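Novice: Go ahead and model the full structure; you've got the sequences and the hints to work with.
Last residue of the sequence shown: 468 (my numbering), numbering continuous.
Hints are computed from structural coordinates only; laboratory data are not their basis.
Label-pair ranges, simulated between beta-carbon atoms:
(1) T342 to R454: 18 to 28 angstroms
(2) R124 to T200: 30 to 40 angstroms
(3) N80 to Q142: 25 to 35 angstroms
(4) P218 to E460: 47 to 57 angstroms
List time: in silico DSBU-like cross-link candidates among lysine-lysine, alpha-carbon distance up to 30 angstroms:
(5) K183 to K77
(6) K95 to K163
(7) K105 to K77
(8) K163 to K77
(9) K57 to K183
Owing to the predicted nature of the structure, the values given are computational and were not obtained by experimental measurement.
No residue lacks a Cβ here, since even glycine has one placed at the ideal position from N, Cα and C.
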Amino acid sequence: ILLGFPIALVLAWAYEVTPHGIRKDPAGYIEATTDAPGDLDNAPSIAVLPFDDLSEKGNQAYFCEGIAEEVLNALCKIANLRVASRVAAFQFAGKQHDIREIGEKLGVQTVLEGSVRKSGDDVRITTQLINAADGFHIWSRQFDRKLMDIFEIQEEIANSTAKALSVSLKRKHALAQQQVDPKAYDFFLRGLSYFARHTTQDNIYARQMFMQAVDIEPEYGRAWAGIAYTYGFSYMYFNASDVNLTEAKRTSEKALNLAPELAESHVSSGIACCMSQDYEGADREFEKAIELDPKNYEAWYFFGRTKVHEGELERALGLFDRASRVRPEDFQSVLLQAQLYTSLGDKGKAMAVTREGIERVRATLELNPDDNRALNMGAFALLRLGQVEEAREWMTTSMNNAPMDSIIQYNGACFFSLAGDVEHALDCLENCLIKVGNISREWLIHDSDMDNIRSNPRYEAIISSFPE
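Specialist: What follows is the structure in structure tokens.
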């Protein structure tokens, strides 16, 4: 199963070894990494919804979502405030929902919504903070400013929200906000919008937007980090080429030099280090990212993936657990924990965590029935639980929705092999190689999920078709 892992990472997991064997680290490390930075169970909580686009042409959705995301990020920096993740809150974009229903689904006490009207260099942002229990407004503000003032508006919205919730404005780290040309910032927000969609083509579009931003502002650190992310994700998920790896390293170094105070710079560098098998460097970068922003999901998640590659499975468990609590709706980090528990021989824990992961998948699909990653990963989890028919339905749907996604198509072959449907598995594998390609011969040879089809002449022909 690939499940979104780059080939190199999966190979390390497949054998469950490092050059020195599996390292089972003391449980104390897991406790240290999974303890939340402060007891937030009873802290005020909020979700920031994507702002509505009220511009004349209605073509500023990316800008509206970007402003909302920036406000969300600013709120995340405030101590003792629980903030629903972008992934969770933005699933309500373009949908009519009762605020009370949103509060219940996301487990938050308050909801911040707003609208943006952008015309030339002028912008009007209206925000409302709403009590999720009864739907009544707590406060409302309107900002009429120039685009040059956009960063101050975002900060003011975050501060006003915190004050209304009686939350201290004390931050563990100061907000790292660079003043940039509004046009560069506009391209940056466009890039964020594309990048959040996680498809091959949107990843390319995102890179183009980030590059437009640095063309205008050559020292725009956040945009350089964005470029590094796109190259890193291209290497991991779409095309493990030397060019993507080289560019991921180069652009992440640029981001680090320009914006060492940004957690995103260190995450992008950590990803590049991991892909280059510089695990010591990756550990250092992810630890720094977490120090700068303990609520950064990507830092915890990719740190966990690095530890999987190093064979430190118990450490990876702790890091994935922390990622799953930073982003409570995330199913990926939970289902990966289930796989690790299986690798460590704790089948009981693996099944319990799998059930938790399925609950999160179902919650995701309730809001977004076409989430292919949820369908794909959820199918394997259902198969593990013995719910074969529903698992087949989910896998088939995900494959039909994403016929050119190499990970999903390859996982389909793995799934049907595990389910004992040999001919279907071989059909999927052949179709994947013809339509998509980008599958590693070495991984295919050693993937235990293919054991049920390995003796079939069609499988042998597939292996023979690869260059040695």
